[in-house]
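Asker: Turn these sequences into a full structure, and let the hints guide you.
There are 2 protein chains.
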Amino acid sequence: MDIKVYMQALGLQARAASRDISRAESGQKNQALLNIAESLAQHQAHLLSENQKDLAAGKLKGLDDASLDRLAITPKGVSAMIEGLKQVAALPDPVGEITGLHYRPSGIQVGQMRVPLGVIGIIYESRPNVTVDAAALCLKAGNACILRGGSEAIHSNQALAACITEGLKAAGLPETAVHIVATADRAAVGELITLKDYVDVIVPRGGKSLIARITAEATIPVLKHLDGICHVYIDDEADLDKAIHIAVNAKTHRYGVCNAMETLLVAEGIAAQVLPALAKIYLEKGVELRGCLKTGSLIPHCSRATEEDWHTEYLAPILSIKIVHDIDEAMAHIHQYSSSHTETIVTENYTRARRFLREVDSSSVMVNASTRFADGFEYGLGAEIGISTDKLHARGPVGLQGLTSLKFIVLGDGHIRQ
Amino acid sequence: MDIKVYMQALGLQARAASRDISRAESGQKNQALLNIAESLAQHQAHLLSENQKDLAAGKLKGLDDASLDRLAITPKGVSAMIEGLKQVAALPDPVGEITGLHYRPSGIQVGQMRVPLGVIGIIYESRPNVTVDAAALCLKAGNACILRGGSEAIHSNQALAACITEGLKAAGLPETAVHIVATADRAAVGELITLKDYVDVIVPRGGKSLIARITAEATIPVLKHLDGICHVYIDDEADLDKAIHIAVNAKTHRYGVCNAMETLLVAEGIAAQVLPALAKIYLEKGVELRGCLKTGSLIPHCSRATEEDWHTEYLAPILSIKIVHDIDEAMAHIHQYSSSHTETIVTENYTRARRFLREVDSSSVMVNASTRFADGFEYGLGAEIGISTDKLHARGPVGLQGLTSLKFIVLGDGHIRQ
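Just so you know, the sequences run in chain order V and G. Using the numbering used here, the letters of the first sequence correspond one by one to residues 302 to 719. Using the numbering used here, the letters of the second sequence correspond one by one to residues 302 to 719.
Honestly, the hints are just simulated from the structure, not real lab data. A portion of the hints provided could be inaccurate.
Note that identical chains are pooled: a pair holds if it fits in a single copy or bridges any two copies.
Derived DSS-like pairs: lysine-lysine, alpha-carbon spacing no greater than 25 Å straight-line [stated by the list, open to error]: (1) K543 x K708; (2) K509 x K708; (3) K497 x K525; (4) K362 x K509; (5) K525 x K708; (6) K509 x K360; (7) K497 x K509; (8) K497 x K305; (9) K581 x K543; (10) K377 x K360; (11) K595 x K543.
Answerer: What follows is the structure, given as structure tokens:
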């Protein structure tokens, strides 16, 4: 197979299908999503057996347990995909919504209509459930999509593709609206991210190195985040209980996620009250602590943090801690080291809460809440295709809205420009 | 001067200033705009004499009359800049606006806050008034900016820069928030569009070749439109008077603008009624007509349109005309040849108007109104920094909103993720 020719053909077909899917009625799109859910349920045995082929190949290739775990499709996993499809079907259709329609002095009415982006390219690693989640969000937002999953999940993804195709067909929608790249050849990624004439945006999901490479090489806009170096700042006017709850939850609720806290900043006025209590809990939970000099004097079992620690997303039970003079030093540290993902202030002080919200330049900024809330489901977006730490187009969790754009509409009655 | 070192220094300073300007209060930003207006009024004589240097150099270089006309600063032009500054000062401040704040089942409140983009790079050709207009919009939206005007306007732009600096200083804002590139060396453009670490978005204004080159070479996102191949479709259920008014206005109100009609599509059921009357008016106004075969049989003095005509933005008193079977053929033609700028349907038919609005994929889609309305002022945006025909971030006229982004904010009371 000539990969270039193959990917160009996918692009051309997806571009053509994007016109149909952009005009499809809400009911038809929802029906397709429910059809796909039904098809997954019907073909569950086949899905599991195809997945076994990938798992067997993965074991032969020497994949580690975590990778095999991500690759596995279980009956519970199929149920979760089905539930996800039903949830997306139940969300309001963003396409065609008209906002802000108002009369201008010239007599015309001007407003904006929400429209699909066109064709979305999604590149992800081993989890096959992303195939169904991403296809569902793209379809609901009226987009065609080209999905490129991990090469080690090729049999699983092709089995899922068959269910998606069946669901689209039964709803009378073009099956070319969702393409799942049918080759494990890694050259397909390089082609997909340069299909400028056919693909409107690329959403990479996976490790930092994958995303960095895609961003560097893509000639199409990329919606992404590289790092989640999230901070919690405990102000000296923090409520102690809230501070401890939030700092523990933000670090220990899950370690390997982008919205986990990596650095804790503590105002020096409250450090002696809060840090020993926190250190005890972290110790019990097996979290390794790396602190500044002052932190070390307050906590035993705390190694000295290096400059590199402030730059590091551990994705592990490790936490760096810095004692700062006040909110200004905290915000300066965040400005210097944050990856602009999510930051929280814990304080009862109104003025500092207001300043933190306004002045911290991250995709999510919180007061008295755990960074772990930075998530499309928690925000009520219904689902998320990813999280963006960039500023253009979409910031923070990206749901259906981020997969659409706004065009201007003008209603007149023979109006001409004077 | 080492251009690379110089541009890096501008970028670094603008990035630093962007933090201050992003936090500046509305009153302070407005004061700066009014100060700049006052400074322009005070230094008008100097502005005109510096502009004379550019005009004299331009004549020596053999610039044509149209170019010299764009380059000239007149007392009327200074008044227009002053008026523009006052209008931008009077607009509501977009920065910090919180929308959609609502309670989630978890107890947190989630909303979005409008925030500046950071540093905007603007590249434009000879008109010096863009210097003031663009700086005003960037400032109001809380952004720093780096402005790179035409090399032939270097004296004029430096004189305007002095007024802007004076106005910023008097308002207590960093003068480094607005940089006007102080070299005529064209290498500065190449540097500006690759200042990835310091510049968030590039807005090019000028001819298609400039914009195409910038888009191809930039490593920073570009907000732009290349072409304005705008269509008017006269449906067979159009009101004849409205159709003629709109078709004449859209073509002849101004010829050299991106929102002028370049191709007229007419339903065959109404062509014999509308085209001869229209052709008469176009003839009187000196508009050259190029039509399809059927058009030629209805209108004398109409040459045969070639395939190239449907692709051409004339920016001149030339119009291509095609008779189509119905709205479907009209929309297919638009889909194939439009530059996605602005299209209008003229019809009294409700269903066709509704379909056209939904299905035509352009940055502005209109019913019974002239394409000439596609403009930031006409839409009530206050002003525009440009028009985007892309879909990511901003589509259509880009005003203050397009120079901002939305971050998520979360308000809790010690909430943690369960």
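Asker: Now, for every hint given, state plainly whether the structure supports it.
Answerer: Hint-by-hint comparison with the structure:
In this assembly of identical chains, K543 and K708 lie within 25 Å of each other by CA distance solely across copies; the values are 24 Å between and 44 Å within a copy. With identical chains, the CA atoms of K509 and K708 are at most 25 Å apart between copies only, with a shortest distance of 22 Å across copies and 33 Å within one. In this homomeric assembly, K497 and K525 come within 25 Å of each other (Cα to Cα) both inside a single copy, at 18 Å, and across copies, at 16 Å. Taking CA atoms no more than 25 Å apart as the test, K362 paired with K509 passes inside one copy only; the shortest distance there is 22 Å, against 52 Å between copies.
In this assembly of identical chains, K525 and K708 lie within 25 Å of each other by CA distance both inside one copy and across copies; the values are 23 Å within and 15 Å between. Only within a single protomer do K509 and K360 lie at most 25 Å apart by alpha-carbon distance; the minimum there is 24 Å, versus 55 Å between protomers. When the C-alpha separation of K497 and K509 is checked against a cutoff of 25 Å, the pair qualifies both within a copy, at 23 Å, and between copies, at 19 Å. With identical chains, the CA atoms of K497 and K305 are at most 25 Å apart within one copy only, with a shortest distance of 13 Å there and 30 Å across copies.
Taking the closest pair of Cα atoms, K581 and K543 come within 25 Å of each other only inside a single copy of the chain (16 Å); across copies the shortest separation is 78 Å, beyond that limit. In this assembly of identical chains, K377 and K360 lie within 25 Å of each other by CA distance solely inside one copy; the values are 22 Å within and 77 Å between copies. In this assembly of identical chains, the alpha carbons of K595 and K543 lie at most 25 Å apart only when taken from the same copy (23 Å versus 77 Å across copies).
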